[in-house]
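Taken in order, these protein sequences are the chains called A and B.
With my numbering applied, the first sequence corresponds to residues 3 to 327, in that order.
With my numbering applied, the second sequence corresponds to residues 10 to 330, in that order.
Hints listed in this document are in silico derivations from the structure and should not be mistaken for laboratory results.
Computed from a prediction, not measured in an experiment: that's the story for all the values here.
Certain hints may be false.
Claimed, not checked - Computed Cβ-Cβ distance ranges for the label pairs, DEER-style:
(1) A:58 to B:30: 41 to 49 Å
(2) A:252 to B:320: 30 to 38 Å
(3) A:288 to B:254: 46 to 54 Å
(4) A:58 to B:195: 15 to 23 Å
(5) B:140 to A:128: 38 to 46 Å
(6) A:280 to B:113: 38 to 46 Å
Unchecked claim - Chain B residues, not near chain A, derived (Cβ > 12 Å throughout):
(7) 64
(8) 184
(9) 185
(10) 192
(11) 233
(12) 263
(13) 267
(14) 268
(15) 289
(16) 296
(17) 300
(18) 311
As the list claims (entries may be wrong) - From the structure, some residues in chain A lie toward chain B, with a derived Cβ separation under 7 Å:
(19) 70
(20) 93
(21) 97
(22) 104
(23) 108
(24) 111
The beta carbon of each residue, even a glycine, is placed where N, CA and C say it ideally should be.
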Amino acid sequence: MLISYREALNQAMREEMRRDDRVFLIGEEVGYYQGAFKVSKGFVEEFGPQRVLDTPITEAGFTGLAIGAAMAGLHPIVELMTFNFGILALDQIVNNAAKIRYMSGGQLSVPLVIRGPGSAAHQLAAQHSQSLEAWFCHVPGLKVIAPATPHDAKGLLKSAIRDPNPVIFIEAQLLYGTKGEVAEGEYTIPIGRAEVKRIGHDVTIVAYSKMLLLALEAADELAREGIQAEVVDPRTLKPLDLETIAASVKKTGRLVIVEEGWRVAGLGAQIAESLYTLVFDYLDGPIVRVTGEDVPMPYTRPLEDAAIPDRPRVLSAVRAVFKRT
Amino acid sequence: MDRQDLLSLYRQMLLIRRFEEKSAEMYALAKIAGFLHLYIGEEAIAVGAIAAIRPDDYVISAYRDHGHCLARGSDPGRVMAELFGKATGLCKGKGGSMHLIDARRNFMGGYAIVGGHLPLATGLAFAAQYRKRGQVVLCFFGEGAVPSGQAHEAFNLAALWKLPVIFVCENNRYAMGTPIKLGIALYSNVAETARSYGIQAERVDGMDVLAVRALMRGVVEKVRATQGPYFVEAMTYRFMGHSMADPAHGHYRTKEEVDEERKRDPVLLLRQTILNAGLGTEADFKQLEKEVGEIVAAAVKFADESPFPAPSALYEDVYVE
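Hey, can you work out the whole structure from these sequences and the hints?
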């Protein structure tokens with residue numbers, strides 16, 4: 003079944019809400035507007051306003067409400083219109099959602115999903131174009147997922163909704179319209195498992211979310227130059243499936259990590275550190291990172307393009323790895 | 010007025026008072042560390058308000074939470090063990106003074122980011138309403154939380170969605186040392202803040218446990234019936250410093266002011282009420298003092314003799330496996 007990423011998310015939530023009446027959807031414009039990006043199309047009509055709640059523009063307030071409801075045993079899905087606005091809810095996410103299990107010595111749990119788009123779209127400027135996944139990965143108690151394909155988005159969102167922990171589920175505005183094959187019928191994808199999206203033996207490229215599509219395009223071009231790149235999508239960023247990445251690097255001896263977020267203290271730095279620890283002796287050269295530039299996102303197109311990883315940069319990073327080895 | 014009822018309220022307040030005094034002592038002995046915020050002077054609010062709710066209702070509080078936890082009926086031994094950081098504590102020693110949680114009693118915790126637990130309270134109320142169980146939520150916080158953004162977001166959602174939550178503002182007139190006049194625009198009428206969201210609000214003498222309970226009984230009944238929120242401003246005073254790091258009267262308030270307020274000590278007020286009504290004698294108070302003293306001593310003994318958590322506990326409870 004060929005469907006869009008948006009439709010995959012819609013199906014995942016719809017199936018889970020039909021299956022479990024503890025699940026409800028809450029966020030700005032999720033009801034009668036059908037979602038700012040139309041992910042919740044048809045929901046208020048099917049489930050009613052008791053389970054599809056339009057909120058005021060108060061991220062801390064409604065995220066905190068969802069956390070409280072989760073503490074009482076409901077399973078909320080919080081839609082952030084974008085993760086940029088999630089910054090307003092960081093106190094709730096970091097100080098409450100992530101810590102309540104631990105602070106209570108295991109008495110309470112917070113089964114909820116906080117989802118919405120992260121990263122840049124086109125020319126939305128500095129406050130609407132950020133990849134903040136490293137912030138969330140930094141916090142013990144959270145799980146973080148960033149799927150790239152409709153199939154992964156659906157299966158992982160269903161798992162996230164069923165997970166008894168707080169899960170940050172990062173989508174991308176530019177992925178919503180992308181299409182892909184999704185398995186027929188009921189399926190879930192386990193949280194914490196990477197997938198090799200393209201098999202190769204010369205170099206491993208790790209990339210997630212939108213950057214996976216970039217990595218796959220680059221891999222096609224590299225193949226024409228005679229370089230077979232293996233592309234690994236972690237899909238879940240926390241807990242990270244280091245085993246699958248390490249197995250790939252052991253085979254290829256080279257690793258390039260592509261991420262859209264800022265370079266300093268970015269997720270790729272953590273992945274690199276972990277891989278150095280695990281497979282140092284297998285590496286033929288240093289791990290190379292391709293990242294977003296350390297600037298607030300500029301509005302104007304030429305500068306925006308310069309701030310985000312693109313195919314030439316991925317290609318030159320891979321070629322550089324070969325030059326050094 | 011009923012003798013047993015009055016003596017029971019007195020006993021609960023006395024337990025909190027003596028527990029807190031003992032906690033201060035244990036802090037001085039370094040048995041308790043970190044931040045320790047005592048509830049001395051404010052006992053009538055927790056005891057009076059919690060006396061008005063059902064066991065299946067929810068209670069949530071800020072970091073000055075020992076009083077609410079004890080009034081909810083938590084075992085003083087396990088509370089003291091938590092302050093000691095012991096494995097037998099309510100939260101296995103992982104929460105500490107500011108994060109007491111007793112889920113079996115629907116005591117959903119103490120939270121230490123000012124204003125941050127008010128949205129949680131609306132969520133508990135949302136869940137109660139979603140499941141149509143007729144529960145209400147009691148949410149305690151200091152007046153310092155009232156101007157915070159999260160409090161306002163919670164007030165708006167509670168009013169907008171008619172959630173069964175009772176916001177109980179314990180107005181002790183100081184943040185740490187900053188007086189209310191320097192922190193809240195509507196300092197002379199904090200409840201007005203809630204009214205501006207369409208939330209019904211009342212003020213009560215927070216030193217008078219009978220007044221608190223009487224008001225709260227009516228409020229709880231209304232909230233349970235109408236499923237709308239309520240705001241109660243309980244006027245009180247903190248007899249001790251903000252925390253153990255702060256003396257009872259520092260630069261920000263005089264000894265005379267504290268002494269003056271202590272004349273309206275909630276424990277002594279109730280004691281006088283009982284004596285005036287002829288419903289209790291000095292012998293009764295002596296007996297209660299003895300009983301409470303024994304409970305607190307036993308709590309300390311239990312906490313002291315309990316083991317610290319094993320190192321293996323470090324990574325437990327981060328996630329639900």
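Verification of the supplied hints:
1. Between residue 58 (chain A) and residue 30 (chain B) the C-beta distance comes to about 45 Å, which sits within the given range of 41 to 49 Å.
2. For the pair residue 252 (chain A) and residue 320 (chain B), the supplied restraint of 30 to 38 Å holds, since their beta-carbon distance comes to about 33 Å.
3. About 49 Å separates the C-beta atoms of residue 288 (chain A) and residue 254 (chain B), a value consistent with the hinted range of 46 to 54 Å.
4. A C-beta distance of roughly 22 Å is found between residue 58 (chain A) and residue 195 (chain B), which places it inside the suggested range of 15 to 23 Å.
5. Between residue 140 (chain B) and residue 128 (chain A) the C-beta distance comes to about 43 Å, which sits within the given range of 38 to 46 Å.
6. Separation of residue 280 (chain A) from residue 113 (chain B) is about 43 Å and conforms to the stated range, judged on CB atoms against 38 to 46 Å.
7. The claim that residue 64 (chain B) lies off the interface holds: its Cβ sits roughly 15 Å from the closest Cβ of chain A, which is beyond the 12 Å cut-off.
8. At roughly 18 Å from the closest C-beta of chain A, the C-beta of residue 184 (chain B) stays outside 12 Å, upholding its exclusion from the interface.
9. Here residue 185 (chain B) stays apart from chain A, with its beta-carbon at least about 19 Å from theirs, past the 12 Å limit.
10. With a least beta-carbon separation of about 19 Å from chain A, residue 192 (chain B) lies farther than 12 Å from that chain, consistent with its non-interface assignment.
11. Against the 12 Å criterion, residue 233 (chain B) stays outside the reach of chain A, whose nearest CB is about 16 Å from its own CB.
12. Even its closest Cβ contact with chain A, about 35 Å, leaves residue 263 (chain B) beyond 12 Å, as expected for a residue assigned away from the interface.
13. With a closest Cβ-Cβ approach of about 32 Å to chain A, residue 267 (chain B) is found to remain outside the 12 Å limit, as its non-interface label requires.
14. Chain A leaves residue 268 (chain B) outside its interface by the beta-carbon criterion, the shortest separation being 37 Å against a cut-off of 12 Å.
15. Residue placement check: residue 289 (chain B) keeps its beta carbon more than 12 Å from all beta carbons of chain A (closest about 38 Å).
16. Every CB of chain A is more than 12 Å from the CB of residue 296 (chain B) (nearest about 35 Å), matching its label as outside the interface.
17. Interface exclusion of residue 300 (chain B) from chain A stands, the closest Cβ pair being 29 Å apart, more than 12 Å.
18. Every CB of chain A lies more than 12 Å from the CB of residue 311 (chain B), the least distance being 17 Å, so the non-interface label holds.
19. Evaluation of the residue 70 (chain A) hint against chain B yields a held restraint, the C-beta minimum of about 2 Å falling below 7 Å.
20. With a least beta-carbon distance of about 6 Å to chain B, the hint placing residue 93 (chain A) at the interface is held under the 7 Å criterion.
21. Using the Cβ-Cβ criterion of 7 Å, the hint placing residue 97 (chain A) at the interface with chain B is satisfied: the shortest such distance is roughly 5 Å.
22. Here the hint on residue 104 (chain A) is kept, as its CB sits about 5 Å from the closest CB of chain B, short of 7 Å.
23. About 4 Å separates the beta-carbon of residue 108 (chain A) from the nearest beta-carbon of chain B, less than 7 Å, and the hint is met.
24. At a threshold of 7 Å, the smallest CB-CB gap from residue 111 (chain A) to chain B is about 5 Å, leaving the interface hint in force.
Every hint from the earlier list agrees with this structure, and none is contradicted.
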